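Asker: Residue numbers (my numbering), protein chains in the order written: chain A, 94 to 430; chain B, 189 to 604; chain C, 33 to 203; chain D, 6 to 155.
To be clear, the hints were calculated from the coordinates, so they are not data collected in a lab.
Be aware that one or more of the hints could be misleading.
[Stated by the list, open to error] No farther apart than 25 angstroms at their CA atoms in a straight line, the calculated lysine to any residue pairs in the SDA-like style are these:
id, chain 1, residue 1, chain 2, residue 2
1, B, LYS295, C, LEU41
2, D, LYS143, B, GLY556
3, B, LYS255, D, LYS43
4, D, LYS143, D, ARG129
5, A, LYS136, C, VAL86
6, D, LYS43, B, LYS295
7, B, LYS522, C, ARG66
8, A, LYS136, C, ALA131
9, B, LYS279, D, LYS43
10, B, LYS279, D, MET6
11, C, LYS118, C, VAL86
12, B, LYS295, D, ARG64
13, B, LYS405, D, TRP58
14, B, LYS255, D, PRO25
15, B, LYS531, D, PRO25
This structure is a prediction, so every number in the text was calculated from the model and none was measured.
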Amino acid sequence: MSRVLDALRMIWEIGWLRGLVVGFVTLTVVMLIAAFTIWFERKWSGRMQNRPGPTERGYGGWLQIFADFFKLLQKENLTPTATDRRLFDFVPPIVVFVVLSSLAVVPYVPQGPAADASVGVLLALAISSLMVFPVWAAGWSSNNKWALLGAMRAVAQSISYEIPLVLSALVPVILAGSFRLTEIVGAQADWHWFAFWPPGPGLAAFVLFYLSSLAEANRIPFDIPEAESELVAGATTEYGGMKFGMFYLGEYVHTFVASSLAALLFFGGWEGPGPDGLHWMLAKALILTASVIHVRWTLVRYRSDQLLRLCWTYFVPAALVLVFAAGLWRILAGGLA
Amino acid sequence: MVDAHPSHEPVAPALVEVSGLSLPAAITHLPRPDPYLNVEDYEPEADAMALNMGPQHPSTHGVLRLKLFLDGEICFKAVPYVGYLHRGVEKLLENRTAIQSVPYVDKNDYVSPLTGELALVMAYEALLDVEPPPRAQVLRTILMELQRIASHHLWLGTFCLDMGGALGGGSSVFLYNFRERELILDLLEALTGQRMHYNALMVGGNRHDVPPGWEEKVLATMDRVEDRLAEYEAMTVDNHIFRSRTVGVGVLDPLLALEAGAGGANLRASGVDHDLRRDAPYAAYGQVDVRIPVETAGDCYARFLVRIAEMREAIRIVRLLVSGIPEGPIGALKPPRHVNAVKLPPGEVYVGIESPRGELGTYLISDGSPIPVRVKIRPPSLHAVSLLPYLCVGATVSDIVVILGSLDPILGEVDR
Amino acid sequence: MMRAWIDTLFAFSTTLRNVGRRRVTEPLPWKRLRAHPERYRAGFALTDDEHGEVACIACKACENVCPSGIIRVEGERRESPVTGKKRAYPVSFVLDMNACIFCELCVQVCPSDAIRMRTAWTIPGTSREDQVLTLERLRANAREGHLSWATPGRLRAMQDPERKNGEGGEP
Amino acid sequence: MPDDVLALFRTRLGLEEVPPEGPFVPPETLPDIVAALKEMGFLLFLYCAATHWPATENRPEAFTVAYGLRRPGPGSSTARLRVRIPADGSIPTLSGLFAGADWQEREQYDLVGIHFEGHPDLRRLMLPEDWEGHPLRKDYAIDTHHFPWR
């Protein structure tokens with residue numbers, strides 16, 4: 094037994110091996126959480142609409158997601174003849190790769206993530222913003238007008254909302270004085286959660302970050318690129334079977350990662366009453382994910398031009414003001430202290 | 189951000205007089221796009237693209253096909269194609285007797301079958317010069333108003349579905365609406381025995397009298413429906429996103445609406461104070477003071493407001509009438525015992541009633557034989573769909589979906 | 033602007049309130065939450081008269097009135113084994129449910145209270161022939177029960193213009 | 006029909022009595038009369054219904070086309086008129102006057118086979134472009150019963 098522990102400790106000492114193990118565990122757990130989120134979304138939306146949701150496979154239908162997974166696996170691998178075949182097949186794995194790779198820098202435990210980069214915030218946001226490329230490629234390679242419209246909207250929307258997203262994430266960075274996610278959480282110790290302290294800019298920055306990440310993850314009310322009542326299914330119109338399944342999984346992982354980032358930046362990560370640790374982090378991230386789901390099943394969606402106007406006339410100036418306010422607080426508080 | 193349209197504020201709008209009719213000046217005589225624009229002549233700002241919307245599309249309300257010519261994402265020409273649901277109902281009715289033809293018109297407007305039945309039955313009654321007894325008239329009025337509520341329920345649900353998608357807030361409103369629509373269908377089911385294709389009317393009266401305890405059930409259901417109406421309003425009326433999507437979108441010129449033959453809420457949202465229930469009363473509408481909601485903005489939001497107000501008004505009418513259904517028989521003619529029970533005199537009639545979608549008319553020619561020579565059903569939905577080439581120009585694809593939903597077309601009625 | 037956003041929040045309270053509501057969908061086919069009313073019209077049955085014979089007299093009124101033309105009746109006159117009187121009996125009675133529009137007109141015109149509708153659906157089948165009701169199946173349906181309230185006589189009594197009582201529809 | 010409409014029909018058509026189902030109007034004066042009605046406030050286009058009358062021993066094959074207009078608002082009234090044309094005749098279009106006449110005329114062209122002179126886009130509305138015949142004509146084969154349903 095002690096030999097095993099010794100071996101584990103040795104692995105822990107070696108940086109890249111530790112990263113590998115932590116990354117593997119994180120990926121597995123997050124994928125399972127995404128599956129759980131899908132089940133929860135179905136159940137919760139059912140309750141919201143006075144429906145039972147899935148009931149058949151497993152208690153409360155909790156095995157339904159696996160049934161769906163196997164169904165998607167079995168489906169015929171349909172590729173329309175007019176598509177750009179290589180690009181078309183290449184895109185779905187890229188989506189999964191992009192959303193999962195941002196997990197490398199997102200810590201769930203105080204010991205840190207697989208790679209505790211010194212610019213963790215920027216890296217996480219940068220990687221998740223890479224999503225625009227596979228979505229555009231999906232729309233373009235499908236050779237379908239609906240997919241093309243969806244992809245164009247997705248690009249416009251992602252690029253626009255990148256700016257308030259990064260700017261609002263800068264507020265906790267400025268307040269904590271570090272880009273490293275573990276240090277940002279450390280700066281929120283003793284209930285100094287940035288959402289509540291300093292009062293004002295932190296909470297506003299959280300709202301901006303939340304809304305912008307909804308837009309980034311293409312969730313209602315900002316799911317213009319999918320817009321199934323207008324664009325059939327947007328960029329993913331021509332995808333079926335497991336290729337569609339990868340987009341689907343990517344969407345939920347993306348939502349969970351964005352929620353985790355919000356929990357880390359604004360709600361103190363694993364800080365909480367009683368012992369700190371993974372449980373608080375997961376609880377916060379899951380509550381935020383659930384709120385995303387609740388928003389999705391309550392609101393209708395904006396039109397794409399309204400969405401962009403919302404971004405450029407309200408979100409971007411507000412984010413700039415918040416960054417300025419955070420800097421001011423930092424100088425004043427630093428000067429006072 | 190798009191803020192509230194000024195004309196939704198409760199101020200009297202400027203009016204303009206057109207052929208003896210007062211219409212809101214702000215939306216009358218709007219420039220009319222050319223529905224037969226030659227696409228080659230159009231010079232697009234961005235790239236032009238032809239986009240086929242439907243017949244298999246999530247929000248074409250059945251099987252409408254729209255050929256859209258887009259300049260970027262802005263439509264500059266829209267060509268609707270209908271007929272995918274054409275069943276030749278008029279030909280069928282020309283080969284059926286008066287008894288047999290009533291169940292067929294149920295299938296035209298399958299969202300409000302009772303109004304379709306009434307339009308046909310009233311045409312036969314006008315031809316025969318038969319007046320149904322007062323009990324049947326009041327019962328018919330109650331049924332029409334219940335059907336109007338049910339139809340508007342479905343419209344509101346699908347309208348939000350068009351805006352919010354099948355996997356979003358739209359579907360929540362949709363299912364809430366269906367929850368209450370089911371209650372009304374339960375009432376109609378208890379009365380007629382069917383939930384959709386009722387065959388509830390016959391020439392000279394109703395086929396079914398009320399079952400015991402039905403009136404109390406109606407009153408209880410109306411309370412519930414009115415209570416839940418506030419719930420839909422909480423999700424829509426002041427909802428910022430809902431308003432951004434509907435206010436100022438699809439503004440319909442009242443003159444165009446009239447000339448195109450549109451009716452119902454589409455007309456009244458454009459400031460035309462016209463409703464056959466009040467202006468040419470049929471059934472027992474003469475006994476009740478029908479209040480007609482009119483909006484003057486002419487956009488999708490105004491159509492929404494008019495329909496919500498119509499639901500409240502229908503609830504009021506049902507409550508008013510259901511407590512005082514007069515005693516007596518429900519039919520003026522002997523109950524039919526064979527297929528040719530109704531002898532048609534020669535003649536030519538037109539009867540129009542106010543269906544939830546506008547004026548639903550039946551034009552009937554008989555030469556004295558058991559079957560009519562010509563039955564023409566005037567479908568309000570067809571005229572609503574024929575507005576699309578005018579309304580879609582200048583709108584984005586997202587707007588077109590909303591505009592189509594706000595016109596409330598039922599494709600079964602369009603195609604017949 | 034601010035007010036519009038605050039008003040939007042009411043939508044959330046509405047959906048949140050609905051989370052606690054009773055679900056309204058029926059978990060078919062396992063459980064039915066509501067029974068169909070007694071006037072519900074779904075299937076068909078040919079009832080027997082008081083002597084235990086089929087009440088149908090093969091008068092073809094239903095065949096003629098059926099708007100979809102899905103009823104075919106063939107009859108013959110013969111002596112009743114019970115009463116010894118001569119009357120017409122159906123030799124074959126075919127009702128094709130594939131094209132039935134459930135308008136209840138066959139019940140409306142039946143002179144002998146024979147055909148009635150049922151509140152229970154016929155059993156789903158795997159072929160179109162399964163939905164064609166024959167004389168035997170129609171009589172078996174009648175023995176099985178679940179008959180609608182409306183008999184031809186009751187329907188016509190309800191619609192009678194000389195009816196005195198305003199309260200119709202008593203089952 | 007209201008008095009002003011009856012007066013219009015009497016003066017324009019020289020009729021003594023106007024039948025309640027509408028007078029017969031010569032095809033060439035139809036647009037003028039309908040334009041006059043529109044001026045009088047009959048703004049709502051109701052219907053355009055063509056009927057095929059097959060040849061009998063005492064009359065040749067013919068069509069009638071009936072039009073209906075409505076004056077909206079309180080005390081609403083209708084104006085109805087008819088046009089009779091021979092089997093090979095045509096009728097001037099009203100689509101320039103009423104946007105709603107456009108599709109109604111296309112439908113009548115499609116189902117009854119009447120040519121509307123000057124219609125900008127006289128295509129079939131309900132049936133496919135390559136459909137043969139006009140189903141609402143009386144000589145078009147009526148439905149045949151298929152039994153059992155196939």
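Asker: A separate judgement is required for each hint: does it hold in the structure or not?
Answerer: Results of checking the hints against the structure:
The suggested pairing of LYS295 (chain B) with LEU41 (chain C) is violated, with an alpha-carbon distance near 40 angstroms, which exceeds 25 angstroms. At most 25 angstroms may separate the alpha-carbon atoms for a hinted pair to count; LYS143 (chain D) and GLY556 (chain B) meet this at roughly 16 angstroms. Taken as a hint, the LYS255 (chain B) and LYS43 (chain D) pair is broken in the structure, with Cα atoms around 32 angstroms apart against an allowance of 25 angstroms. The straight-line distance between the Cα atoms of LYS143 (chain D) and ARG129 (chain D) is roughly 19 angstroms, inside the 25 angstroms bound, and the hint therefore holds.
For the proposed pair LYS136 (chain A) and VAL86 (chain C), the alpha carbon gap of about 53 angstroms is over 25 angstroms, so the pair is violated. For a cut-off of 25 angstroms, the pair hint linking LYS43 (chain D) to LYS295 (chain B) is broken: about 34 angstroms separates their Cα positions. In summary, the hint linking LYS522 (chain B) to ARG66 (chain C) is not supported, as the alpha carbons are separated by about 35 angstroms, beyond the 25 angstroms threshold. At roughly 39 angstroms between alpha-carbon atoms, LYS136 (chain A) and ALA131 (chain C) are farther apart than 25 angstroms, so this suggested pair is violated.
Restraint check: the Cα-Cα separation between LYS279 (chain B) and LYS43 (chain D) comes to about 31 angstroms, which exceeds 25 angstroms; the hinted pair is violated. For the suggested pair LYS279 (chain B) and MET6 (chain D), the alpha carbons sit about 29 angstroms apart, so the restraint of at most 25 angstroms is broken. Only pairs whose Cα atoms come within 25 angstroms are accepted, and LYS118 (chain C) paired with VAL86 (chain C) is accepted, the gap being roughly 14 angstroms. This hinted pair does not check out: LYS295 (chain B) and ARG64 (chain D) have alpha carbons roughly 36 angstroms apart, beyond 25 angstroms.
This hinted pair does not check out: LYS405 (chain B) and TRP58 (chain D) have alpha carbons roughly 51 angstroms apart, beyond 25 angstroms. For the suggested pair LYS255 (chain B) and PRO25 (chain D), the alpha carbons sit about 42 angstroms apart, so the restraint of at most 25 angstroms is broken. For the proposed pair LYS531 (chain B) and PRO25 (chain D), the alpha carbon gap of about 21 angstroms is at most 25 angstroms, so the pair holds.
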